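> Fit chain H to the given chain G structure using the hints.
Each protein sequence line maps, in turn, to chains G and H.
With the first letter of the first sequence counted as 1, position 215 gets the number 223 in our numbering; the numbers rise by one all the way through.
With the first letter of the second sequence counted as 1, position 15 gets the number 32 in our numbering; the numbers rise by one all the way through.
Accuracy of the hints is not assured; some may be wrong.
Claimed, not checked - Far from chain G, some chain H residues (derived; all Cβ distances over 10 Å):
hint	residue
1	Pro-58
2	Asn-63
3	Val-65
What the hints assert, rightly or not - Here chain H is said to cover these stretches of chain G; the calculated rule only asks that three of the stretch's residues, wherever they fall, bring their Cβ under 8 Å from a Cβ of chain H:
hint	segment
4	14 to 20
5	31 to 40
6	92 to 105
7	156 to 170
8	207 to 216
The hints are simulated quantities; they were obtained by calculation from the structure and are not laboratory data.
Computed from a predicted model, the values in this text were never measured in an experiment.
Glycine included, each C-beta is placed from N, C-alpha and C at the ideal position.
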Amino acid sequence: MRVIVRTVSELCITAGTLIVLFVVYVLFWTGVQADSVMNDQIDQLQQQWAQGRVGHTAGGPGASAAPQEPAPYHYDKPFAIMYIPRLGFTWNKPVLEGTGTDVLKKGLAHYARTARLGQRGNFAIAGHRRTYGDPFKDFPRLRPGDAVVLTDGTTWFTYRIDKGPYKTVPSDVEVIDPVPRKSGYTRPGRYLTLTTCDPEWGHSHRLIVWAHLDSTQPVETGKPKALRR
Amino acid sequence: MYGWIWRHLPGNVWVRALIALVLVLFVIYALFQYVFPWAEPLLPFNDVTVDNQ
Chain G
9 MRVIVRTVSE LCITAGTLIV LFVVYVLFWT GVQADSVMND QIDQLQQQWA QGRVGHTAGG
69 PGASAAPQEP APYHYDKPFA IMYIPRLGFT WNKPVLEGTG TDVLKKGLAH YARTARLGQR
129 GNFAIAGHRR TYGDPFKDFP RLRPGDAVVL TDGTTWFTYR IDKGPYKTVP SDVEVIDPVP
189 RKSGYTRPGR YLTLTTCDPE WGHSHRLIVW AHLDSTQPVE TGKPKALRR
Chain H
18 MYGWIWRHLP GNVWVRALIA LVLVLFVIYA LFQYVFPWAE PLLPFNDVTV DNQ
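So that you can see chain G by itself, here it is in the shape it has in the complex (with noise of 0.2 Å):
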């Protein structure tokens, strides 16, 4: 009998230790993982940059002209570095091509069918809102005006938020058509979208942030206006 005692108690003990380090793990150990992963990727990147990339024709909003084929994007692999002031003035996270959940872990994740960075149509992004360095914990403080700042090396480019953070279901895929139907917008144009889970550590529904270029300026011209302090 004490024998039965005594194993049943130290069976639960075992558990309860399990679950603790789980939690550690996920809140703790995940996050440690992805900041270094996530500085590793933005390292890569500069240092790619710094090497001088394939020269690169900027496409302002106003160019009609299409520029040159650029490199393609190359799935779980980084392209483009992104600030977003709101979220903090050193908050600055790399994009990676392709929305799997090994990609997610690197930083945020830029959905493969939607458009490239800068371009015509709707550039959709997603990121975690908690675990693996919680890069989007912070996003129902977006508000529309904010500046959402992306740059691929040659080019800086500024995104201003229209609408969100909106909330919606995971079915709805039309969030990241070209042009989004609850957005608001009309017509054709530039767009960036920002998803990530709500709530916090839930996965019931999306949150959702639509925003248009405002601005793009090449990098020799220095940091955009809405970066400097």
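Using the frame of chain G, we list chain H on its own:
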């Protein structure tokens, strides 16, 4: 269970404690390296896209 392991470890108290500590650390390492990364995607925090690709 733990008493049984303790009795089957060799050496005096100090050696046993050392071996026990190494075992515990090994188990934690295995959990963080293999078990938790496998279990974590079963939780909902990964669903942040609208098309579930």
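> Taking the hints in turn, state whether each one holds.
So, going through the hints one by one against the coordinates:
1. Pro-58: Pro-58 (chain H) not clear of chain G: closest Cβ-Cβ about 6 Å, inside 10 Å.
2. Asn-63: violated (5 Å)
3. Val-65: Non-interface label on Val-65 (chain H) violated, nearest chain G Cβ at 5 Å vs cutoff 10 Å.
4. 14 to 20: It holds, with 4 qualifying residues against the three required.
5. 31 to 40: holds (count 4)
6. 92 to 105: violated (count 0)
7. 156 to 170: Not satisfied, violated; 0 residues make the cut.
8. 207 to 216: That given contact holds, which follows from 5 residues of the segment 207 to 216 of chain G lying within Cβ reach (below 8 Å) of chain H.
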